Amino acid sequence: MNLYKFSSPKVFYPLAGSIFKYTLLPSIFFLVVGLYISFFLAPTDFQQGEAYRIIFIHVPAAWMSMIIYMAMAFWNIVGFSLKSKLSFMMSRALAPTGAIFTFIALITGAFWGRPMWGAWWVWDARLTSELILLFLYIGYIALVMSFDDSKRGERVGAIYSIVSVINVPIIYFSVIWWNTLHQGASVSFNKAPSMAAMIVEGMLVMMLAFWTYSIAVVMLRIRRIIVEYQEEMLLMNHTTEG
Amino acid sequence: MKTLKILKALFGRELKLIFRNQSDLFTTFFFFIIVCSLFPFGVKPSSELLPQIGPGMIWISALLASTVSNARFLLSDFNDGSLEQIFLAPIPSTLIIYVKVFVQWLTTGFPLLIVAPILSLQFGLKYQEIMVLMISLVIGTPLLTLIGALGSALTLGGRGGGGLVAILVLPLYIPVLIFGVGSVLSYSSGISPETSFLVLSAILVFALVFLPYAIALSIKLALE
Amino acid sequence: MHWTSLNSFLSMGGYGFYVWASFGITFLSLAIEFLLVFNSVRNKEITHES
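Chains as they are written, first to last, in the working numbering: chain W, 5 to 246; chain R, 15 to 238; chain B, 1320 to 1369.
So here's chain W without its partners, still in its complex pose:
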C-alpha cells in the first residue's frame, strides 16, 4: 500500500475522521478508569494526605505538553524533508492542545504546591521550564496566525518550532544550574509520594486518556484546517482569475 497518498490533505480528511471516531470512546474509557484509580484505588499518602491526587493530572499533563511539542517539531521536520503541506498542518493542529496541557500542568502544579509547601509558585526547573514552554507554544501560534497566507505561516512557524525544541533541554538544564547556584528551592516537585504501584498505574492510565483525547481533538482540528486550506485555495483561484 502506498502510504504517500495520505500526504494529500484531501485523502487524509476521511482518515482523520475515522481516527477521531476510534480514539474518542477509548479516551472516555481511559478517563473513567483513570479517575476511578485516582480516587478509589490509590491509597492516601501519609505525608501529603489527599492533595497528592492532583498528581494524576499534573504529571500526565506535563508529559503531554512535552510530547506534543516534540511531535510538532517532528512533523515540521518531516514537512521540510518531504515537502508535504499536510505535515505542517499537523503541527499547527497539535499546537493548541499542547498549549492547553501546558496550562493545565502549570495550574495543577500551583494548586498542588500551595497546600503542600505554602507557595503558589516555585522556581524549580520543571515548573519554570513548563512556563517557558507555554511561552514557546504561544509564540508559535501567534507567529503562524500573523500570516494571511497559511502556507507561509506554517513554514515560518515550523522553523521556530524546530529551533525552539532544541532550546527546551537547554532551558531545562540552565534552570537546574541556576537553582543550584541559588542553593536550590527547598521544595521540589520531584518529591512525589513514594510511588506505590497503584499510583504509577493511575498516572499511566490518565496519560493514555490524555493521549487518546489529544489524538481525537487534533484529528478534528486538522479537518477544520484542511477545509480552511481548500477555502483559501478557492479564494486565491478566484482572485487570480478575476
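Just so you know, the hints here were simulated from the structure itself, not pulled from any lab data. All figures in this text were calculated on a predicted structure; none of them were measured in a lab. Some clues are possibly wrong.
[What the hints assert, rightly or not] Calculated pairs, SDA-like style, for lysine to any residue (alpha carbon to alpha carbon, straight line, at most 20 Å):
1) K87(W) / L231(R)
2) K155(W) / R86(R)
3) K30(R) / R86(R)
4) K89(W) / Y8(W)
5) K140(R) / S200(R)
6) K87(W) / L237(R)
7) K234(R) / G157(W)
8) K19(R) / L109(R)
9) K1363(B) / V231(W)
10) K1363(B) / F16(W)
11) K1363(B) / M149(W)
12) K9(W) / S85(W)
13) K14(W) / R228(W)
14) K9(W) / P100(W)
We have chain W already, so just place chains R and B on it with the hints.
The following block gives chains R and B in isolation, referenced to the frame of chain W:
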C-alpha cells in the same frame, strides 16, 4: 575572489547605511543606559543590594535593548526591496547573514560593551566582577543579536510587529541570561565562572553554525 | 480507598478546594477545547453543504 569582493561590498553598504541612520545607532545605546538606570529607582538602592542585582539588571537591560533593535533589523531592507536584491547575489545566503548580523552586532551589541563598565560602577560592582561581567557580555551579546535576527527574519512580511518578535525571542534568550548573569554570581560566591563561560561559548558556537541557515531559510520564505 | 461518607469524599482530607479546583479546571479546559473545535468543524460542514 568574487565572493570576497561581494562580501566586502555588502559590508561597506551596511556600514554606510548605519552612518546615514545614526539615530538607530543611538536609540539602542541610550535605551540601554536609561533602562539600566531605572532599576535602582524600583528597588531600595542600598549598597548591599545593588551589587547583588547589578549583573542581572545590566543583562536584562541588554536583552531589552536588543529587543528594541530586533524588529528593525531586516525590515527596512525588506520593505524597499533591497533585501531581495542582496539575496540575488551569487554567494551563499549564510554568508550574507553573517555580514548583516555582524554589522547589527557592531551597532547594537558592541556599544553596550563600552558602556557596561560605567553602569557597573553605578551598581557598585567590584573590579573583578566587572571583568567577569564584561566577558559574559562579549560572548553573550553576539548571541542576543543572532537570536534576535532569527526573530526578525521569521516575522518579515507578517502582521506581527515588534511585540511578536519579542514574544518569540525572549524565551530563547533565557539560557543566555541565566549563564550570563550566572557567571558573575558564581564569581561572587567564590565559584569559578569558567563553567558559565564554557556553556555560553558552546551555545554561541552552536548558534553561529546553525542559526544563519534558519535565518536564511526564513528570509527566503519571506521573499517568495 | 473507601470513603466513609460523601462529605469526606468532597473534603478530600481538608484539601478539597485544591483537588476539586485542579480536576475541575482541567476538565473544563478540555471540554471547552473540544466543544470549540467541534463547533468550528460543524460550522464548516454546514457552510459547505449549502
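Right, here's what the structure says about each hint:
A distance of roughly 14 Å separates the Cα atoms of K87(W) and L231(R); the hinted pair therefore holds under the 20 Å criterion. Restraint check for K155(W) and R86(R): the C-alpha separation of about 24 Å exceeds 20 Å, so the hint is violated. A C-alpha spacing of about 17 Å is found between K30(R) and R86(R), which places the hinted pair at or below 20 Å, so the restraint holds. Simply put, K89(W) and Y8(W) have alpha-carbon atoms about 12 Å apart, close enough for the 20 Å limit, and the pair holds.
Annotation: proposed proximity of K140(R) to S200(R) holds, straight-line Cα distance about 14 Å (limit 20 Å). Among the hinted pairs, K87(W) with L237(R) is consistent with the structure: their alpha-carbon atoms are about 18 Å apart, no more than 20 Å. The hinted pair formed by K234(R) and G157(W) meets the criterion: a straight-line CA distance of about 13 Å does not exceed 20 Å. Of the pairs offered as hints, the one joining K19(R) and L109(R) holds, with about 12 Å between alpha carbons and a cut-off of 20 Å not exceeded.
With a CA separation close to 7 Å, the supplied pair K1363(B) and V231(W) stays within the 20 Å bound. Restraint check for K1363(B) and F16(W): satisfied, since their Cα atoms lie roughly 17 Å apart, inside the 20 Å limit. With a C-alpha separation of about 19 Å, the suggested pairing of K1363(B) with M149(W) holds against the 20 Å cut-off. Proposed proximity of K9(W) and S85(W) is supported: the alpha carbons are some 16 Å apart, at most 20 Å.
Using a Cα cut-off of 20 Å, the hinted pair K14(W) and R228(W) holds, with the two alpha carbons roughly 12 Å apart. Distance hint between K9(W) and P100(W) is unfulfilled; the C-alpha atoms sit about 27 Å from each other, more than 20 Å.
Going down the numbered hints, you'll see the structure goes against 2 and 14, while the others check out.
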